[in-house]
Amino acid sequence: MAKTPKPDELSKINYTPPQSAWMDTPAELKEGNWCYGAKPKNLETLHFPNPREWRVQDEDWKLPENWQEIVLQGMRERLDKYRSFKVFMDICVRCGACADKCHFFIGSGDPKNMPVLRAELLRSVYRGNFTTAGKILGKIAGARPLTLSVLKEWWYYFFQCTECRRCSVFCPYGIDTAEITMMGRELLNLLGLNTDWISGPAANCYMKGNHLGLEPHTIVGNLSYMLDDIETVTGIKIEPTFNRKGAEILFVTPSGDLFADPGTYTCMGYLMLFHELGLDYTWSTYASEGGNFGFFTSNELAKRLNTKIYAEARRLGVKWILGGECGHMWRVLNQYMDTWNGPADFLEVPKSPITGTVFENTKSTKMVHVAEFTADLIKNGKLKLDPKRNDNLKVTFHDSCNTARGMGLFEEPRYIINNVCNHFYEMDELTTREKTFCCGSGSGLNAGENMEIRMRGGLPRANAVKDVAEKYGVNMLANICAIDRAVLTASMDYWVPGVKVTGVHELVANAMIMKGEKERTTDLRGDPLPGMEGNE
Amino acid sequence: MATIEVDGKNYEVDEDGYLQDWQEWNENIAKKMSQDDGLELTDSHWEVIKFLRDYFAKYQIAPMIKILTKEIGKVMGPEKGNTKYLYELYPAGPAKQACRYAGLPKPTGCV
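Protein chains in written order, with my numbering: chain A, 1 to 536; chain B, 1 to 111.
The following block holds chain A by itself, in its conformation from the complex (with noise of 0.2 Å):
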């Protein structure tokens, strides 16, 4: 595995462009940027073609004879299939907009990391193969040739865009950069060019029914010991339903939540919370992912690992479905499930029988946020919260770009903080809310091998923070996306030490106070309590 640089080095960055031409310059695939290349038995899992050992440092990837005609092909199907592919390939006009916008670029300075350059890869062997001027006048048009040094160059860059269209808020066209590399990486796919931090994920999907591959007794058991732990820190018993058929309500989550720290804090929240509504739902060790792989690799995949969220809920018979704290899981749920996997006609619309508020935005899902859910409880009073218990943080929050830029998400979870916390500070508004950074590590990218990367995508989003924690002695990153509890805590520890990341559910549970609770001593993760620093 390559070192990664330290932080005073990885942040001299170069934003001098190469002296020639970015067609004539041909990617150079740097060790610690890229990820391991998708494994044999992950894509046979998955029925994906081409499944074979090979490595990517290795000249040869071991493609198919026509592995050209493979990819023109898929392209041609996908331009008359997405009008949107069609539209994003025509229209660009170039005006840079986008060019500065991403967080791969202002963190590397790599000019191919300009959304704009980025879509360009793909442009060029579009109009090389699919225009008449590209045809005739090849270069001059902007056109070029698909040779394996432009396969490759696909495969580095579309694997360095974390699909989190921040770039698309600034283009004046609204083209869409997210759904070129969403293109871009099912073309690579049909080469059998996934990355093995993607398949593998994707595989244990398919087969066990959540990404790390928990069998039905290992979710009973995690859920189990953090049961424990809740009755430590509460003196309160727990006891979940799995499986159970006529619960009102089916809760569906990141499977990092119940793995994970520090998602297993916010797992142990929403514990906590279900228990003291007295809600009358149940987990799944079925559909026991809320998040998708798929969704990184292509349509067909994500709609096939998607399937399961609805199926169980009608073996199930409940009437709707609760989602826990995810980024790209809302993605789909809320702007693709519905025609993928639906009508769900069989689910009623969710009501949250503690409020009786109806969920009229989430008519055509039936699924319903667990951030939505929590601001409609305190808004109407329904929760009895302390947030002195929160006093030793001084809390900032990060826009996951999926709930951000995918469902526009972003009152509920600051106002949920503004109730559970006493001390809430915003980042620079040019990083939040729809402009938010994203986290550096998306859409897939969160793997361990290309780590100077990810550091880079994540300056941004860091450098925002770092703000907050000079100005107002910012501890604690809350977000709602389970990728981000994750790689958060890696580009804190490497950018902003000392600043934690945090679910909103884990800040609820603390400051929450429950029926029939003991004094509370420490909070979730058994540190003390503020005021009862003595008490250990």
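Bear in mind the hints are in silico, worked out from the structure with no lab data behind them. Treat each hint with caution, since some may be false.
In the DSS-like style, the derived pairs of lysine-lysine whose C-alpha atoms are separated by at most 27 Å in a straight line are [claimed, not checked]: (1) B/70 / A/237; (2) A/3 / B/96; (3) A/39 / B/9; (4) B/80 / B/66; (5) A/351 / A/379; (6) A/39 / B/80; (7) A/3 / B/32; (8) A/518 / B/66; (9) A/39 / B/32; (10) B/70 / A/500; (11) B/84 / A/394; (12) A/30 / B/96; (13) A/382 / A/518; (14) B/80 / A/500; (15) A/139 / A/245; (16) A/86 / A/303; (17) A/112 / A/152; (18) A/500 / A/466; (19) A/3 / B/84; (20) B/84 / A/6; (21) B/80 / B/31; (22) A/139 / A/86; (23) B/58 / A/41; (24) B/96 / B/66.
Non-contacting residues of chain B with respect to chain A, defined by C-beta distances greater than 10 Å in every case (computed) [claimed, not checked]: (25) 5; (26) 7; (27) 11; (28) 13; (29) 26; (30) 27; (31) 37; (32) 41; (33) 45; (34) 54; (35) 77; (36) 80; (37) 88; (38) 108.
Note that beta-carbon positions come from the ideal geometry of N, C-alpha and C, so glycine has one too.
Use these hints to put chain B onto chain A, whose structure you have.
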């Protein structure tokens, strides 16, 4: 594919040195891996490795850190049931380094 040679036999490992087939594992493989890292395995290290392998056999995945710390605490005493202690044993991280010595696949999903 990369291999690691132990007692004259080659075992397949992944890019980061994790054994490809956890069932091929034996104690000498763990010893060889730790020697290569300049680390000497004590009884405490073996306790963790043993727990990881038993857990993996039951669950087909490495335990979450919360489970590892608690169970090690039960066996070795509560003062050792914490991540600080595990990091002292395995400076490169209990999830990554201890799993590798135990012959388990590279942990995913939580880097």
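Taken at face value, is the distance from the CA of residue 9 of chain B to the CA of residue 39 of chain A at most 27 Å?
Given pair residue 39 of chain A, residue 9 of chain B holds - Cα atoms ~24 Å apart, limit 27 Å.
A cut-off of 10 Å on Cβ-Cβ distance, and residue 80 of chain B was said to be off the interface with chain A. Does that hold?
holds, 15 Å
If we take the beta carbon of residue 45 of chain B, is the closest beta carbon in chain A still more than 10 Å away?
Answer for residue 45 of chain B: holds, closest chain A Cβ roughly 22 Å.
Does the alpha-carbon distance linking residue 351 of chain A and residue 379 of chain A stay inside the 27 Å limit?
Measuring from Cα to Cα gives roughly 15 Å; hence the hint holds.
Is the claim that residue 27 of chain B lies outside the interface with chain A correct, judged by CB distances over 10 Å?
Correct as stated: the minimum Cβ-Cβ distance to chain A is 25 Å, above 10 Å.
Mind verifying the non-interface call on residue 26 of chain B? Its CB should be farther than 10 Å from each CB in chain A.
Answer for residue 26 of chain B: holds, closest chain A Cβ roughly 23 Å.
Please work out if residue 70 of chain B and residue 237 of chain A have their alpha carbons no farther apart than 27 Å.
holds, 18 Å
Taken at face value, is the distance from the CA of residue 66 of chain B to the CA of residue 80 of chain B at most 27 Å?
Distance of about 13 Å is within 27 Å: holds.
So if I understand the rule, the pair passes when the alpha-carbon distance is 27 Å or less; does residue 500 of chain A with residue 466 of chain A pass?
Holds - the C-alpha atoms of residue 466 of chain A and residue 500 of chain A are around 12 Å apart, at most 27 Å.
Are residue 139 of chain A and residue 245 of chain A close enough, with their CA atoms no more than 27 Å apart?
violated, 62 Å
Claimed clearance of chain A by residue 77 of chain B, with the beta carbon kept past 10 Å
At roughly 17 Å from the nearest Cβ of chain A, residue 77 of chain B sits farther out than 10 Å, so the non-interface label holds.
Under the criterion that the straight-line Cα-Cα distance not exceed 27 Å, is the pair residue 3 of chain A, residue 32 of chain B satisfied?
holds, 22 Å
The structure shown violates the earlier hints numbered 6, 15 and 38.
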